[in-house]
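Colleague: Single-letter residue listing:
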Amino acid sequence: MTKNVMIVGVGGQGSLLASKLLGYLLLTEGYDVKVSEVHGMSQRGGSVVTYVRFGEKVYSPIIDKGEADFIVSFEKLEAARYVEYLKTDGRIVVNTQEIDPMPVITGAAGYPEDLIEKLKALGVAVDALDCLSLAEEAGSAKAVNLVLMGRLSRYFDIPEEKWLMAIEKCVPAKFVDLNRKAFALGRDSE
Amino acid sequence: MKQLMLGNKAFARGLYEAGCCVASSYPGTPSTEVTEEAAKYDEIYCEWAPNEKVAMEVAFGASLAGKRSFCGMKHVGLNVAADPLYTCSYTGVNAGLVICVADDPGMHSSQNEQDSRHHAIASKVPMLEPADSAEAYEYVKKAYELSETFDTPVIIKMCTRVAHSQSIVEPGERVEPERKPYEKNIGKYVMMPGNAIRRHPVVEERMEKLTEYAETCDFNRVEMGGTKLGIITSSTSYQYAKEVFGDSASILKLGMVNPLPVKKILDFAAKVEKLVVIEELDPIIENHCRQLGLSVSGKDLLPITGEFSQSLLAQKLGVEPKEYKSLGEPLPARPPVMCAGCPHRGLFYTLAKNKVTVLGDIGCYTLGAVAPLSAMDMTLCMGASVSAIHGFNKAVGQESEGKTVAVIGDSTFMHSGMTGLANIAYNQSNSTVIILDNSITGMTGHQQNPTTGYNIKGDPAGKIDLEALCKAMGFARVVVVDPYDLAQCDKVLKEELAAPEPSVIISRRPCVLLKYVKHNAPLKVDTEKCIGCKSCMRLGCPAISIKDGKAAIDATLCVGCGVCEQLCRFDAL
Chain R
1 MTKNVMIVGV
11 GGQGSLLASK
21 LLGYLLLTEG
31 YDVKVSEVHG
41 MSQRGGSVVT
51 YVRFGEKVYS
61 PIIDKGEADF
71 IVSFEKLEAA
81 RYVEYLKTDG
91 RIVVNTQEID
101 PMPVITGAAG
111 YPEDLIEKLK
121 ALGVAVDALD
131 CLSLAEEAGS
141 AKAVNLVLMG
151 RLSRYFDIPE
161 EKWLMAIEKC
171 VPAKFVDLNR
181 KAFALGRDSE
Chain Z
1 MKQLMLGNKA
11 FARGLYEAGC
21 CVASSYPGTP
31 STEVTEEAAK
41 YDEIYCEWAP
51 NEKVAMEVAF
61 GASLAGKRSF
71 CGMKHVGLNV
81 AADPLYTCSY
91 TGVNAGLVIC
101 VADDPGMHSS
111 QNEQDSRHHA
121 IASKVPMLEP
131 ADSAEAYEYV
141 KKAYELSETF
151 DTPVIIKMCT
161 RVAHSQSIVE
171 PGERVEPERK
181 PYEKNIGKYV
191 MMPGNAIRRH
201 PVVEERMEKL
211 TEYAETCDFN
221 RVEMGGTKLG
231 IITSSTSYQY
241 AKEVFGDSAS
251 ILKLGMVNPL
261 PVKKILDFAA
271 KVEKLVVIEE
281 LDPIIENHCR
291 QLGLSVSGKD
301 LLPITGEFSQ
311 SLLAQKLGVE
321 PKEYKSLGEP
331 LPARPPVMCA
341 GCPHRGLFYT
351 LAKNKVTVLG
361 DIGCYTLGAV
371 APLSAMDMTL
381 CMGASVSAIH
391 GFNKAVGQES
401 EGKTVAVIGD
411 STFMHSGMTG
421 LANIAYNQSN
431 STVIILDNSI
441 TGMTGHQQNP
451 TTGYNIKGDP
461 AGKIDLEALC
471 KAMGFARVVV
481 VDPYDLAQCD
491 KVLKEELAAP
501 EPSVIISRRP
511 CVLLKYVKHN
521 APLKVDTEKC
531 IGCKSCMRLG
541 CPAISIKDGK
551 AAIDATLCVG
561 CGVCEQLCRF
571 DAL
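Chains as they are written, first to last, in my numbering: chain R, 1 to 190; chain Z, 1 to 573.
FYI, nobody ran anything at the bench for these hints, they're computed from the structure. One thing to keep in mind: the hints can contain errors.
Claimed, not checked - So, partial list: chain R residues that the calculated Cβ filter (under 7 Å) puts toward chain Z:
hint, residue
1, Val35
2, Asp100
3, Pro101
What the hints assert, rightly or not - Label-pair restraints from in silico Cβ distances:
hint, chain 1, residue 1, chain 2, residue 2, range
4, R, Glu98, Z, Met1, 38 to 46 Å
5, Z, Thr87, R, Lys3, 48 to 56 Å
6, Z, Ala369, R, Glu117, 35 to 43 Å
7, Z, Arg477, R, Asp177, 52 to 60 Å
Unchecked claim - 20 Å max Cα-Cα, derived EDC-like pairs, lysine to aspartate or glutamate:
hint, chain 1, residue 1, chain 2, residue 2
8, R, Lys142, Z, Glu320
9, Z, Lys2, R, Asp69
10, R, Lys76, R, Asp114
11, R, Lys76, Z, Asp554
12, R, Lys76, Z, Glu329
13, R, Lys3, R, Glu113
14, R, Lys169, Z, Glu170
15, R, Lys87, Z, Glu329
16, R, Lys87, Z, Glu323
17, Z, Lys325, R, Asp89
18, Z, Lys325, R, Glu84
19, Z, Lys547, R, Glu98
20, R, Lys87, Z, Asp554
21, R, Lys118, Z, Glu329
22, Z, Lys325, R, Glu113
23, Z, Lys322, R, Glu84
24, Z, Lys2, R, Glu84
25, Z, Lys325, R, Glu117
26, Z, Lys547, R, Asp114
27, Z, Lys141, Z, Glu173
28, Z, Lys2, R, Asp32
29, Z, Lys322, R, Glu29
30, Z, Lys188, Z, Glu57
31, R, Lys57, Z, Asp115
32, R, Lys118, Z, Glu323
33, Z, Lys325, R, Asp130
34, Z, Lys515, Z, Asp459
35, R, Lys3, R, Asp127
36, Z, Lys325, R, Asp69
37, R, Lys120, Z, Glu329
38, R, Lys57, Z, Glu170
39, Z, Lys263, Z, Glu273
40, Z, Lys299, Z, Asp115
Cβ atoms here follow ideal geometry from the backbone N, Cα and C, with glycine treated the same way.
Start from the sequences and build out the full structure, keeping to the hints where you can.
Modeller: Pasting the structure below:
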């Protein structure tokens, strides 16, 4: 049975490292894996999506509506934007950070209110966490990706050591400690 | 060892193992990483050429000299390289020549979604179409054999979902081929009419032989399953079809999409009750089936525009789609925007303020068209801004000359803006051309180009002096401005529009994302002084928003460029 993880966020937030880590980990666990990324124009501050699929045999590189077991979102509005991609019994792991999109900046639209509550009201599992603060606690605002991966790891049947080993393989040596700390904060905080 | 590899990286690995020696490309999403990854192998000489036509001619030259060669480009790049392609089909090759063309159905980062298979058909060149990274890797190696066996360039068509998806590849070792001796052969390589007329029948015979090859080659394979439904498909559509139908349908997967087999398709059709062709964009396989007299479905069920997906196939082909939950309220869109501190912003603000007509071009700066700046009137293709302003001004005359500009990036100018500029100089229109020189090819992810002074490996290289080039063409008025200096931009723009002769304005400042560019401390809003007039908001900077009626700056995004500061009349920034 193929499992699907969708990583969503705003271009420039570091979702490529998250998918690299996840892809590497799942490959070493012996799964067939496909990771689909977005390059080019939408990376410039636009809404970006990465698909990670794993299982015995994976065909399509993308995840479609109603298929994601997990949505890992770097930003609140983006979690809401892609909720239709979630399985009806899926789970959202979301950084509660708000980043205003251009229509909000220009005043053409407002940033929607109570998104976490609205998502919960749909009956899907929502794990909302202030990952930015935890990343800063770990030593860099850029470590939001590893805080989120730490949180996601709670829901995987893969021992923590394996995640930590994957971090060591995927991150430049000088950032390993920072990223492990961010991972631990995401995994262990309330 | 098994590795998770981007399709483009797997393609590069195939080039390496096949003994490719020379690679020349122009960057274009989604093809760029093939050449970037190839450049990591010291055994392959790699370069960024000024455009795809040059790249293909370089690769052809290397093939002629006897070394396996490569050039890569996006779908629209093949239009630029079509000229050498169509005739190189006549000359054939010496050592193997492989061309990568990456289509972009769904237009994730493109100005159109043309189907490159038309070029393969029209140029009579074989085209392979891998469906994942492992196939991309494998096909490249086989493509070189095919190229040398059939004496032809070979195109490998990628698409966004193959190029930018990672899947498992098990790499091997490089095989260093012997250099093929170069032998003078005027009849084969000098394509003047008398020779070309003898080469055309050779091309037609080659296509016949390739069609025979397509019947039995292992690029095209049948996967028999249930026989109620038979699917003919290729590329990523194959993956979607397998996802939806599994073994319940039979599949003919075509890895070679030009030329298409005949008998193989007829045999497959005979084994199934109903035949559907699943192909993105144009109905090329479908029309081929119809020509063979088959009754087949395709574009009657599936769209001719955009990308496919598993649920699109399910929905259109009568399979129950997955259930999902919806918030049921419209959410604000998040379109791509110029980065905070982008040097293009100040220039586009100046253009918007002066209400000029802006003939645009292809690059990050096409985002100048997005609200609130909305400072672009036209974007067509690489280089079109410089050629089109000449036509615009010739058509309208004085009325437009003083309020129309062309804007083009440094890399795009090198690609095909220079020839348009030559036309302005030669045929004399009073046009104002702005070169946005951010010292890099930005949109495709920071590739060097002939104006940056560095090559693909980041080593020092030749550097074309834009000012000297424009002057040499005969432009007396060549002015450099700093786009962070709004007053200077405004003054120079007004002067050059008013001038009675053509001019070039070079708006010069390196891309803010370049590693060597130092950022200033983020600006702070003095909330005592800010009256919430929103003047700074006219820049459309993602770092500025309005919170509680006053401007607010996102310190994680702001790079302290100071452009907004120049707009604040209350000294609040």
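Colleague: Indicate, hint by hint, whether the structure satisfies it.
Modeller: Going down the list of hints, with the structure as the test:
With 7 Å as the threshold, the beta carbon of Val35(R) comes within range of chain Z, its nearest partner Cβ sitting at about 4 Å, so the hint holds. Given hint, Asp100(R) at the interface with chain Z, holds; its Cβ is 5 Å from that chain's nearest Cβ, closer than 7 Å. A hinted interface residue such as Pro101(R) counts as satisfied when its beta carbon comes closer than 7 Å to some beta carbon of chain Z; here the least separation is about 4 Å, so the hint holds. The hint said 38 to 46 Å for the Cβ distance between Glu98(R) and Met1(Z), and at roughly 43 Å that hint holds.
Taking the beta carbon of each, Thr87(Z) and Lys3(R) are about 50 Å apart, inside 48 to 56 Å as hinted. At roughly 37 Å, the beta carbons of Ala369(Z) and Glu117(R) sit within the given window of 35 to 43 Å. The hinted range of 52 to 60 Å is satisfied by Arg477(Z) and Asp177(R), whose Cβ atoms lie roughly 56 Å apart. Between Lys142(R) and Glu320(Z) the alpha-carbon distance is near 42 Å, which puts this suggested pair outside the 20 Å criterion.
Proximity of Lys2(Z) to Asp69(R) is assessed by CA-CA distance (about 26 Å); at most 20 Å being required, the pair is judged violated. Of the pairs offered as hints, the one joining Lys76(R) and Asp114(R) holds, with about 10 Å between alpha carbons and a cut-off of 20 Å not exceeded. For a cut-off of 20 Å, the pair hint linking Lys76(R) to Asp554(Z) stands: about 17 Å separates their Cα positions. Only pairs whose Cα atoms come within 20 Å are accepted, and Lys76(R) paired with Glu329(Z) is accepted, the gap being roughly 15 Å.
Taking the CA atoms of Lys3(R) and Glu113(R), the gap is about 31 Å. The hint is violated against a cut of 20 Å. Taking the CA atoms of Lys169(R) and Glu170(Z), the gap is near 19 Å; set against the 20 Å cutoff, the hint holds. Only pairs whose Cα atoms come within 20 Å are accepted, and Lys87(R) paired with Glu329(Z) is accepted, the gap being roughly 19 Å. Of the supplied pair hints, the one linking Lys87(R) and Glu323(Z) holds, its CA atoms being roughly 7 Å apart against a limit of 20 Å.
A hinted pair counts as satisfied when its Cα atoms are at most 20 Å apart, and Lys325(Z) with Asp89(R) qualifies at roughly 10 Å. For the hint pairing Lys325(Z) with Glu84(R), the CA-to-CA distance comes to about 5 Å; that is within 20 Å, so the pair holds. Taken as a hint, the Lys547(Z) and Glu98(R) pair is honoured in the structure, with Cα atoms around 13 Å apart against an allowance of 20 Å. Distance check on the hinted pair: Lys87(R) and Asp554(Z) sit about 34 Å apart at the alpha-carbon level, beyond 20 Å; violated.
Only pairs whose Cα atoms come within 20 Å are accepted, and Lys118(R) paired with Glu329(Z) is accepted, the gap being roughly 10 Å. Our distance criterion of 20 Å between C-alpha atoms is met by Lys325(Z) and Glu113(R), whose separation comes to about 19 Å. Pair hint Lys322(Z) plus Glu84(R) holds up; C-alpha atoms about 10 Å apart against a cutoff of 20 Å. Distance hint between Lys2(Z) and Glu84(R) is unfulfilled; the C-alpha atoms sit about 34 Å from each other, more than 20 Å.
At roughly 15 Å between alpha-carbon atoms, Lys325(Z) and Glu117(R) fall within 20 Å of each other, so this suggested pair holds. Our distance criterion of 20 Å between C-alpha atoms is met by Lys547(Z) and Asp114(R), whose separation comes to about 17 Å. Taking the CA atoms of Lys141(Z) and Glu173(Z), the gap is about 11 Å. The hint holds against a cut of 20 Å. For the proposed pair Lys2(Z) and Asp32(R), the alpha carbon gap of about 10 Å is at most 20 Å, so the pair holds.
Our distance criterion of 20 Å between C-alpha atoms is broken by Lys322(Z) and Glu29(R), whose separation comes to about 28 Å. Pair hint Lys188(Z) plus Glu57(Z) holds up; C-alpha atoms about 16 Å apart against a cutoff of 20 Å. This hinted pair does not check out: Lys57(R) and Asp115(Z) have alpha carbons roughly 29 Å apart, beyond 20 Å. Among the hinted pairs, Lys118(R) with Glu323(Z) is consistent with the structure: their alpha-carbon atoms are about 19 Å apart, no more than 20 Å.
With a C-alpha separation of about 25 Å, the suggested pair Lys325(Z) and Asp130(R) falls outside the 20 Å cut-off, and the hint is violated. Among the hinted pairs, Lys515(Z) with Asp459(Z) is consistent with the structure: their alpha-carbon atoms are about 15 Å apart, no more than 20 Å. Between Lys3(R) and Asp127(R) the alpha-carbon distance is near 19 Å, which keeps this suggested pair within the 20 Å criterion. Of the supplied pair hints, the one linking Lys325(Z) and Asp69(R) holds, its CA atoms being roughly 13 Å apart against a limit of 20 Å.
Of the pairs offered as hints, the one joining Lys120(R) and Glu329(Z) holds, with about 15 Å between alpha carbons and a cut-off of 20 Å not exceeded. Our distance criterion of 20 Å between C-alpha atoms is met by Lys57(R) and Glu170(Z), whose separation comes to about 16 Å. Of the pairs offered as hints, the one joining Lys263(Z) and Glu273(Z) holds, with about 17 Å between alpha carbons and a cut-off of 20 Å not exceeded. A C-alpha spacing of about 15 Å is found between Lys299(Z) and Asp115(Z), which places the hinted pair at or below 20 Å, so the restraint holds.
In terms of the numbered hints stated before, the structure departs from hints 8, 9, 13, 20, 24, 29, 31, 33, listed from lowest to highest.
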